[in-house]
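Here is what each chain is made of, one letter per residue.
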Amino acid sequence: MPERSTLLRVEHLRKIYESATGDVEAIGDISFTMNAGELVCVVGPSGCGKTTLLKCLAGLLPPTSGLVEMDGSPVRGPSPAMAVVFQEYGRSLYPWLTVRGNVELPLRHKKLSRAERDTLVTDAIEAVGLPHAARSHPWQLSGGMQQRVAIARAIAYQPEVLIMDEPFAAVDAQTRADLEDLVRELHTTRRISTVFVTHDIDESVYLGERVLVLSNSPTRVQEDLAIDLPPERDQLTTRALRRFTELRTHVYDQIQRAKLGQVAPQSAR
Amino acid sequence: MKKVTALGLVAGVVFALTGCTDSDATPSDQASGELRRVRVAALPITETAALWGGIKAGVFAKHGLRVEVLPAQGGAQAIPALINGDIDFAIGQPFGAFRADLQDLGVVILGNYASSYRDGDDINAVVASAKSGITKPAQLAGRKVAVNSLGAAGDVTIMAAVEKDGGDPSSIKFVEVAFPDVPAQLAAGNIDAAWVPEPFVTQLRSRGDAFVVAPYQAVVPGLATLTVMGATKLKESDPALVKDFSAAMKETLGWAQDPANEVPVRQAIKDNLELPDPVAESVRLPAFGWELDRKSMEALATLAGKYRVLDRQPNFDRLIQQQ
Amino acid sequence: MRVLSARRLRSTRKVLLGVVGLVGFLVVWQLIPTLGLIDPEYLPYVTDVLARLVEEFRDLAFWRRLGLTMTAWAIGLTVATLAAVVLGTIVGLVPLLRRATHTMVEFLRPIPSVALIPLAVLMFGLQMRAALVIIVYASFWQVFVQVIYGVADVDSVARDTARSFGLTLRERLSYLVLPTALPYLLTGLRLAAAVALILAITAEMVIGNPGLGRMIELSRSAGDAVGLYALVVVTGLLGLLVNLVFRFIERRSLSWHQSVRGEEVL
Amino acid sequence: MTPYAGEPVTPYAREVVSGSRFRGAGIRIAAGFLFAFGLPFLALVVWGVWSTRSTNRFFPGPLTIGEAFVDTWVGRAFLDDVLPSLYRLGLGIVASIVVGVAAGTVIGLFRWLRELLEPLLEFFRAIPPPVLIPVAMLLLGITDSMKVVVIVSGAVWPILLNTIEGVRATDSVMTETADSFQITWWERLWFLVLPASSPRIMTGVRQGLSVALILMVISEMFASSSGLGYRIAYFQRNYLIAEMWSGILLLGLVGVLLAVAFGLVERRVLRWYHGMREVTRA
Chain S
0 MPERSTLLRV
10 EHLRKIYESA
20 TGDVEAIGDI
30 SFTMNAGELV
40 CVVGPSGCGK
50 TTLLKCLAGL
60 LPPTSGLVEM
70 DGSPVRGPSP
80 AMAVVFQEYG
90 RSLYPWLTVR
100 GNVELPLRHK
110 KLSRAERDTL
120 VTDAIEAVGL
130 PHAARSHPWQ
140 LSGGMQQRVA
150 IARAIAYQPE
160 VLIMDEPFAA
170 VDAQTRADLE
180 DLVRELHTTR
190 RISTVFVTHD
200 IDESVYLGER
210 VLVLSNSPTR
220 VQEDLAIDLP
230 PERDQLTTRA
240 LRRFTELRTH
250 VYDQIQRAKL
260 GQVAPQSAR
Chain B
0 MKKVTALGLV
10 AGVVFALTGC
20 TDSDATPSDQ
30 ASGELRRVRV
40 AALPITETAA
50 LWGGIKAGVF
60 AKHGLRVEVL
70 PAQGGAQAIP
80 ALINGDIDFA
90 IGQPFGAFRA
100 DLQDLGVVIL
110 GNYASSYRDG
120 DDINAVVASA
130 KSGITKPAQL
140 AGRKVAVNSL
150 GAAGDVTIMA
160 AVEKDGGDPS
170 SIKFVEVAFP
180 DVPAQLAAGN
190 IDAAWVPEPF
200 VTQLRSRGDA
210 FVVAPYQAVV
220 PGLATLTVMG
230 ATKLKESDPA
240 LVKDFSAAMK
250 ETLGWAQDPA
260 NEVPVRQAIK
270 DNLELPDPVA
280 ESVRLPAFGW
290 ELDRKSMEAL
300 ATLAGKYRVL
310 DRQPNFDRLI
320 QQQ
Chain U
0 MRVLSARRLR
10 STRKVLLGVV
20 GLVGFLVVWQ
30 LIPTLGLIDP
40 EYLPYVTDVL
50 ARLVEEFRDL
60 AFWRRLGLTM
70 TAWAIGLTVA
80 TLAAVVLGTI
90 VGLVPLLRRA
100 THTMVEFLRP
110 IPSVALIPLA
120 VLMFGLQMRA
130 ALVIIVYASF
140 WQVFVQVIYG
150 VADVDSVARD
160 TARSFGLTLR
170 ERLSYLVLPT
180 ALPYLLTGLR
190 LAAAVALILA
200 ITAEMVIGNP
210 GLGRMIELSR
220 SAGDAVGLYA
230 LVVVTGLLGL
240 LVNLVFRFIE
250 RRSLSWHQSV
260 RGEEVL
Chain H
0 MTPYAGEPVT
10 PYAREVVSGS
20 RFRGAGIRIA
30 AGFLFAFGLP
40 FLALVVWGVW
50 STRSTNRFFP
60 GPLTIGEAFV
70 DTWVGRAFLD
80 DVLPSLYRLG
90 LGIVASIVVG
100 VAAGTVIGLF
110 RWLRELLEPL
120 LEFFRAIPPP
130 VLIPVAMLLL
140 GITDSMKVVV
150 IVSGAVWPIL
160 LNTIEGVRAT
170 DSVMTETADS
180 FQITWWERLW
190 FLVLPASSPR
200 IMTGVRQGLS
210 VALILMVISE
220 MFASSSGLGY
230 RIAYFQRNYL
240 IAEMWSGILL
250 LGLVGVLLAV
260 AFGLVERRVL
270 RWYHGMREVT
280 RA
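Keeping their order, the protein sequence lines are chains S, B, U and H. Using numbering that gives the first Met the number 0, read the first sequence as starting at 0 and increasing by one per residue. Using numbering that gives the first Met the number 0, read the second sequence as starting at 0 and increasing by one per residue. Using numbering that gives the first Met the number 0, read the third sequence as starting at 0 and increasing by one per residue. Using numbering that gives the first Met the number 0, read the fourth sequence as starting at 0 and increasing by one per residue.
So here's chain S without its partners, still in its complex pose (with noise of 0.2 Å):
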């Protein structure tokens, strides 16, 4: 593997929700750097706080404290180096504007020629094989093509980072493994960075380089394994991999164990 430089560096971030009455601390203390052209999974037990991070990492949600870095330079706001894939591809793509429509409203502002924003447009729709639908309405496609046109919009966005939030967690089996196969496609041939948040171990270990495991909230960062898979990956053989499986158990196992870290004391008294 070549020698990556960092291109995003978490430190001691931490979100604590306010409201009128009392504190709600969703993010206790998460650290962890990212190097570009990475593809990093982050798992952790329901309601630990993925979201949160990930709307951290992605500037939605100001950190109550800690830092998010991007380039060397701390995240304010959302920036133009990040793309987010939402969970609910439904209520993200805009229903009003065609797939082509849809991919093309982020590059309006960005300072392209028309032929430029036409190919970028076209080259991400053809990315995720999509160029038969391009005039389509999104509520016309299945819901794992939707989520498709929800990927071509971020990655004609040009993002140094790619963030999906549990993007696949609403699609039958099938259109899982395809869709997950579209996301290691993409980074092979494209090397696009990629922060992946799921809930679902199997995933994180077969689309993960390296797989953050999450602890119960107030969050920490419990585990951070690398994934000693080879690159090539996919659904049959991967799977089929006993290093995939002694992967998955252990990742598991970390899991569990995050969720008794916090029952442990309460048990113990």
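In short, the hints are calculated from the structure, not lab data. Nothing here was measured: the structure is a model prediction, and the numbers come from that model. Check each hint, because a few of them may be wrong.
Said to hold, decoys possible - Selected chain U positions facing chain B (in silico; Cβ < 10 Å):
1. P32
2. T33
3. G35
4. I37
5. P39
6. Y41
7. F123
8. Q126
9. R128
10. V132
11. P209
12. R213
13. L217
14. R219
15. D223
16. G226
Stated by the list, open to error - With a straight-line Cα cutoff of 20 Å, these simulated EDC-like cross-link-like pairs (lysine to aspartate or glutamate) come out:
17. K61/B x D257/B
18. K110/S x E164/H
19. K109/S x E186/H
20. K143/B x E162/B
21. K13/U x D79/H
22. K172/B x D143/H
23. K13/U x E277/H
24. K258/S x E208/S
25. K13/U x E117/H
26. K55/B x E280/B
27. K143/B x D143/H
28. K172/B x E121/H
29. K109/S x D178/H
30. K143/B x D79/H
31. K13/U x E164/H
32. K269/B x D159/U
33. K249/B x E280/B
34. K135/B x D120/B
35. K269/B x E280/B
36. K269/B x D223/U
37. K249/B x E67/B
38. K110/S x E117/H
Just so you know, even glycine gets a beta-carbon here, dropped at the ideal spot from N, CA and C.
Given chain S, work out where chains B, U and H should sit, using these hints.
Chains B, U and H alone, transformed into the frame defined by chain S:
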């Protein structure tokens, strides 16, 4: 929160009830049950003072009638009500009766109510705004002139007055503006001149607008402005009622015309209309009287025919049934 | 607990801001004639208007007029609702009728009810009945259309289920059609109540049958701007009241229903 | 591309044309025609027969009214009375939409503004719009602009309130999407806020249209010397019954045309919305 609202509500009701007034209460409610109930539609204008005053003075009760005055916005509402039998009599401009007669609606004029003056200051006039520079009827040609209702006595007599003065009546641009709105519209320059009754004539002249002509007086002196109407049906089915009412009306109008009774008549204006007192004191009243001047009405209808306001002439033998 | 008090805090803020808005409006109103931007003869001082309002509220004659207006409103609304529910249910249940009446309904519905005022005047002169014609016509369509929507909205599976169990027409109406159509009916009723009030007052203004609308016309023709504005405020308050009451009924009787719950979430 | 877009969502239209496909299109068209025009025709016939027997002079027959319609409205009167009315109506509608959507968007976007104005808006909406005619006459005189103002003062509320509601209810994920892609303010308005609230806005416009038509008529009945409302009132005052009916008929036609025009525009503007609803329902 709810308690506060409820308390507020109770407080409001108590407050409302402790300081109650009732501006409807009329001291002259006839209690006698023997009186026959008659429903009369009348316009809410100063001229109706004769009727209100007559009722209060007990003229109708003397004839065995208890009159209920229903305020009508105009003849258009009163005449259908007359035909349907919802009301027994209506006081309105003769032109409404002309129209009704042309449509064979079965309405007759039973008697006069009020007329304009043959000489002296009349009860209505065309007044022009100072800046329009209009001083005589001929100058109204080509200008914007307001009347309260198009296609009635106002525009017909104005056209005749303009022609008499040597102007072109067909070039006048008539618009409909309700009397109370005239002062503001004249001042704003939306109209050049307007046909208004008292008290507006005095009001406008005193602020510098110019008197142009009193069209009734100039064209048909002594023209009836208001008449008493009834349905043909009622006249046939209940002649006694018509007779009693007519007699009472005649007496009332005579009473109102008597200068000795001016105070109660003006008091009736104050009681029934929301006019400022000085206006009620000074407003010029018409000539009240029961005898119809058929000639003046025929003249009006002829003029209306001439200016294409009416396409036929009403059947006066049928329409006018002086009681 | 936490959520509750947070909500209370928010609603306090809301009430406060609302009061600030209201007071601000009144102050601006008072300032306009004071600064001479508009002649007080045309836009009277708010203090005068409020004083007149208090005076009116203590006058039995005012309440009598208000009663007349509200009587016409209530009768009109009741008649319209009854007619619309009966006809709407029949037409909504029979597809053949629905198709056959479509053109007719689509033509009659957009006729502005006020166009019928002259007709009503000719038919009934200046009685309340003339106003009722217009009130009924206008509010009828609001309910009728909603009832048709509602009756047609009965879930096809539920209908088949009912049929397979051999429910009688009566049972089907009360257990299947009514619950489905109720939210629609109440929406229609709320709209109709507002429309009926508008037309009750309009009719009094144009036709001249006694009531609030006629008082407004009289104030106008007497050049009594203070009274006119006071009455306009009264009609606004009245409309607000009608709106709140019917919205409350809708909420209350449909607390289980999606559309109502959906409104409260956001 | 949008196979469902052509279908309106009224319960009537949802009714699929029954009858077997094999029976041929001819019968189906004939049946459709019969359904569409059968009842109106029948009603006309009954009315015609009834009017020849009835002596009620306030209800002339359809033929008399038809004649009066041609005599009254074809020709000069169309230019003198109908066009000015329609002009004021159009102006009023356009102004209501512009004001309602613009103000509604601003108010919908800012929560504090919404809370500040809510009681006031509720109150103003509740004022029966015809009541404002005397007020408008005081402030503006008897002019065309007064009539337009009256139309706007009534028609703007449903548009305004629905816009506020629509803007307020813009989906949070859609907003976050716009945030994350750093979409500019104008693009956000044009591509997110307005389209997202367009179904509500259109609902408001539909209600606004009928209010506008009513106010056009009433404002002309009060203070006017021309216009459709004035003419109808004039005919009534002069007991020209058939002419009056023809005016009512014309107003009905205007209402229907307005509804049809709105339907066409709505279907175009909300193609995505109706399409989406069809898909979710299926």
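Given the hinted pair K258/S and E208/S, is their alpha-carbon gap at most 20 Å? Violated: K258/S and E208/S sit about 24 Å apart, past 20 Å.
Please work out if K13/U and D79/H have their alpha carbons no farther apart than 20 Å. At roughly 51 Å apart (the allowed maximum being 20 Å), D79/H and K13/U break the hint.
Would the pair K269/B and D223/U pass a check requiring their Cα atoms to be no farther apart than 20 Å? With Cα atoms ~15 Å apart, K269/B and D223/U stay inside 20 Å; holds.
Has the given pair, K172/B with E121/H, been kept, meaning a C-alpha gap of at most 20 Å? violated (43 Å)
Taking 10 Å as the limit, does the beta-carbon of G35/U come near enough to a beta-carbon in chain B? Where the cut-off is 10 Å and the nearest Cβ of chain B is about 17 Å from G35/U, the hint is violated.
Taking 20 Å as the top limit, are the C-alpha atoms of K143/B and D143/H close enough? holds (15 Å)
T33/U as chain B interface residue, shortest Cβ-Cβ below 10 Å: Status violated, d = 21 Å.
Given R128/U as an interface hint, is its Cβ closer than 10 Å to any Cβ of chain B? holds (9 Å)
Quick one, are K269/B and D159/U close enough, alpha carbons at most 20 Å? With a Cα-Cα distance of about 72 Å, the restraint between K269/B and D159/U is violated, given a limit of 20 Å.
With the threshold set at 20 Å, check whether the alpha-carbon distance from K13/U to E117/H stays at or below it. With a Cα-Cα distance of about 9 Å, the restraint between K13/U and E117/H holds, given a limit of 20 Å.
Assess, step by step, whether the Cα of K55/B is no farther than 20 Å from the Cα of E280/B, and give holds or violated. Holds, at roughly 18 Å.
Just to be careful, I want the Cα atoms of K249/B and E67/B compared with a cutoff of 20 Å; is the pair within it? Answer holds: K249/B to E67/B is near 17 Å, not above 20 Å.
When the structure is compared with the earlier hints, violations turn up for hints 1, 2, 3, 4, 5, 10, 18, 21, 23, 24, 28, 32, 33 and 38 and for no others.
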